[in-house]
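Engineer: Okay, here's what each chain looks like letter by letter:
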Amino acid sequence: MTDLPNVLTAPAAKPNLSVVRIPRAWYIACAAGELRGRPLAVTILGTPLVLFRGTEGRAAALLDRCAHRNVPLSLGKVEGERLQCAYHGWRFDGGGVCRAIPGLCGEAEGRGRRVPAYPVRELDGYVWVWMDPETEPDREPYRLGLDGKPGYATVHRRVVAPGTLHATVENALDVPHTAFLHAGLFRGAGEPNLIEATVRRFPDRVEADYQGEPRPEGLAGRILAPGGGVVRHWDRFILPSISEVEYAIGEDAHILVSAMATPVSDFETVLHAAVCFRLRIPTWLVRAVLTPIALRIFGQDARMLRHQRDTIRRFGGEQYVSTDIDILGGPIWRLLKEAERGELPPADAPPEVLRTVSLRV
Amino acid sequence: MTDLPNVLTAPAAKPNLSVVRIPRAWYIACAAGELRGRPLAVTILGTPLVLFRGTEGRAAALLDRCAHRNVPLSLGKVEGERLQCAYHGWRFDGGGVCRAIPGLCGEAEGRGRRVPAYPVRELDGYVWVWMDPETEPDREPYRLGLDGKPGYATVHRRVVAPGTLHATVENALDVPHTAFLHAGLFRGAGEPNLIEATVRRFPDRVEADYQGEPRPEGLAGRILAPGGGVVRHWDRFILPSISEVEYAIGEDAHILVSAMATPVSDFETVLHAAVCFRLRIPTWLVRAVLTPIALRIFGQDARMLRHQRDTIRRFGGEQYVSTDIDILGGPIWRLLKEAERGELPPADAPPEVLRTVSLRV
Amino acid sequence: MTDLPNVLTAPAAKPNLSVVRIPRAWYIACAAGELRGRPLAVTILGTPLVLFRGTEGRAAALLDRCAHRNVPLSLGKVEGERLQCAYHGWRFDGGGVCRAIPGLCGEAEGRGRRVPAYPVRELDGYVWVWMDPETEPDREPYRLGLDGKPGYATVHRRVVAPGTLHATVENALDVPHTAFLHAGLFRGAGEPNLIEATVRRFPDRVEADYQGEPRPEGLAGRILAPGGGVVRHWDRFILPSISEVEYAIGEDAHILVSAMATPVSDFETVLHAAVCFRLRIPTWLVRAVLTPIALRIFGQDARMLRHQRDTIRRFGGEQYVSTDIDILGGPIWRLLKEAERGELPPADAPPEVLRTVSLRV
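Residue numbers (our numbering), protein chains in the order written: chain R, 1 to 361; chain C, 362 to 722; chain Y, 723 to 1083.
In short, the hints are calculated from the structure, not lab data. Predicted model, so just to flag it, every value in this text is computed and none were measured. Built from N, CA and C at the ideal position, the CB exists for glycine as well. Take the hints with a grain of salt, since some may be wrong.
[Unchecked claim] Reference excerpt, derived from the structure (chain Y facing chain C, CB under 10 Å, subset only): (1) V877; (2) V881; (3) L907; (4) R1025; (5) Q1041; (6) I1047.
[Stated by the list, open to error] Short, incomplete list of chain C residues facing chain Y, as computed with Cβ under 8 Å: (7) L436; (8) K438; (9) R474; (10) A478; (11) P480; (12) Q680; (13) S683.
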């Protein structure tokens, strides 16, 4: 009643809003090491959760709201295998069942006194949560395929992307901006080359397979593969929120960046990145040199995502135009919408080539 | 248009929102001593008021908005018996009538130039306001029955509770949380005892009468009644917003805590607390020892109320479950709703025993 | 979904909301000197614009949103005659046409890739923007008629008024409050005099012509015309957002204050003030003495406007009452509404005397 909606005198084609919400899916709630003796408040898909780990070590996730008087359970503390509310001391087990009510003469348990509990998996150093407390998971979380393999090392990082899930994932897998926004850090240092990408759709993913790409001439490229060699490069989006960038350069260099996105809310996304690599240069050197470059690159991306999000919200939605070289944004959006509507093809459906694209990078 | 409403994937039973608005009632606007030569801005039930006291000492309350150009009158100053707007200098008397307009050649008065005026009473050191400017009060404000009686002393305090009126009053009269949240300060220091409460409904109030209660073993209890003795204890809610906790312990100790709530807005409540007591220990000692304990207890409560309120707003309402030992929350809610709808029983209706409850504290 | 609307128990006559939006009009975006080598973000009528000046010096104004991925173009930089987006490097010319897309093998241009462009004029040291990108301007911006004339000097100032366009303009042209709010600075120092104003409506403006006014006895008046003399005084509002206050005192003193308002959003207005004057005292002295007085006067006005706006928003609109001496507020409002609806009289319609008013100042 206070503010009128803005009149934006720009030509007012009806905007889209690239927000999806896919609760029947696994998302990372936290790194396993973050969850110790104290309850941890985490928001996923706008839903406040409390995670806790009983004295036997099992992680659990409940809705972060006591059934009694709606105080967040994350204000409380862990007592044995139970989480105790800070206000009246009600105790809940990992399944959300109320096991004790101080002062009450009768039974503590009771259907109405339950708190919704979310399925949890602990894998590859992450705590994953299935965001629908009403269904049993019909699949398992994404795995880091190269983590722990002989010759491979893994680096983990958590960053916050101020954008929708779709905007964040499109950015993570977008090639053209790397030659411009990150010029000199990754691509964009030498003369542009004409390369070709084949885009393939699988039931739960989409992949761009790049041919004719030289070793990236930016700083990162020269460090990763000082000897050069034939480059193979794939970018993948895997439902509901995983992006993979994989490079194989010559015989020695293999690197797979998995960015596992957790939609905190419609307009904020957390990325848990795991970089698995086998390189000729020592692991400590890779960490020391590449981590600041990677964080600088992400800082530049985060600035764009934040301004993009603020503009989208200000205009009440997006009005994008795309070209041929916006390779994965469109297919990712269609996968997300199919998943949201529950209309994905069967898991054994054959892959399909969507198109091939030329671009100069 | 910017944010989508949150999808909270918790089972979505329709929530309640325990907000009531009862304008035909008296609320404390301020302590009498706060209102001196300058106008005072106060918000009650979301309505901005300006209080002022003319040179003859009479307090008045107007809507805090000049009839002319809608500037807050509280920016102005008191001139004799009138309040003068800071913008164009219009002057209003305590009844809201415009008495002077600088520069105007004609008459200042005029029906359309009035500002709504609210009935005011000054009693027991408080300025009370009747929050409906359209009706005459049909009753007088709540009085402090023990204030000024021989042998009694009174301590006053004002605190801000970040919660709805209902949540704040339920908290003030809730026994079980005192043994848990405030453990050691009031109750919860020794072994729990089985006690019994009889709940009685009167036309404008509800009372819990406790039997079999030992002296509270916490710090406060041992100070209040070092000699012990038979304990009598009543908790009362009196419409529209008063809670009383009364203890009589043995021959010597008598204490009545009146918390008079003013709903600032739907989700913020101010409590004016008056503690009237007759104890064996000297008044200065009671003040010196009990004030910090009372403020610590209230600080713990305020933290719970704030988180409870934030959770309720985040979920768009409450989803409470109650047990037998949530003694007064339900009856208070029903009284508030009856008062809001104007459906209270006649003042001479007989009291009614609602139920008796056992609890361990 | 979180807060209930406030119940304001004041008598609830339906409030008005004096907000107008007139996009087919010129507004000042910035001073010419503010626009140099870097793009400049400006908001007018709630619409984010980016202004830039190519290397040939021509100013241009585009919607501040890249057609590609909706990042603000004001994050980018000027390359020759083009503005380059910071995210993927798309380049737009001053007409909003996309001229280059890094990485793309095909044509850059394309209808869908245009960004809305707004007509621009650079006049009297200001950059003016026509706020409808869909139409050609059917008139030219307001001009400073006395700027640069022999014997005249001009002082420029930019201030932010926290109020609607209407409230800001009414304040700028309101006489009675000057004797009260600014008492001693401008008017209000001596005994009030009875003066008379004739109000005339022209097709695109309204004017109050004051007769019988003595020299203002406040500090500013005594500085402007130390010798006194016959006073002529006109206050004018010129569509869409210009206010003029003109004084001619005796033979020597002539001063014209033009306050050119830019509605940033519904509740915030920027004023570009230009004071053109011919006085007996030296220009440097006028600046040195009058600037702090003028800023003090504006600071007092801004405080009133901010509180007025906050009260209006809190109550969901205005409930004004006006008297005879609120001379121009009503006629200005009617002009603004006519302009918003596109119902102005023809430019050659004869002027009309609306009324004459007596007031004491």
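Engineer: Hint by hint, say whether it matches the structure.
Structural biologist: To see whether the hints hold, each was checked on the structure:
1. V877: Hint violated; V877 (chain Y) Cβ to chain C Cβ min 27 Å, cut 10 Å.
2. V881: violated, 18 Å
3. L907: violated, 15 Å
4. R1025: It holds, given that the least Cβ distance between R1025 (chain Y) and chain C is near 8 Å, below 10 Å.
5. Q1041: Nearest chain C Cβ about 7 Å off; hint holds.
6. I1047: holds, 5 Å
7. L436: Constraint on L436 (chain C) satisfied, holds at 6 Å.
8. K438: Hint on K438 (chain C): violated, closest Cβ of chain Y at ~12 Å, above 8 Å.
9. R474: Holds - the Cβ of R474 (chain C) comes within 8 Å of chain Y, reaching about 5 Å at its closest.
10. A478: violated, 11 Å
11. P480: Cβ of P480 (chain C) sits 12 Å from chain Y, so the hint is violated.
12. Q680: violated, 15 Å
13. S683: violated, 23 Å
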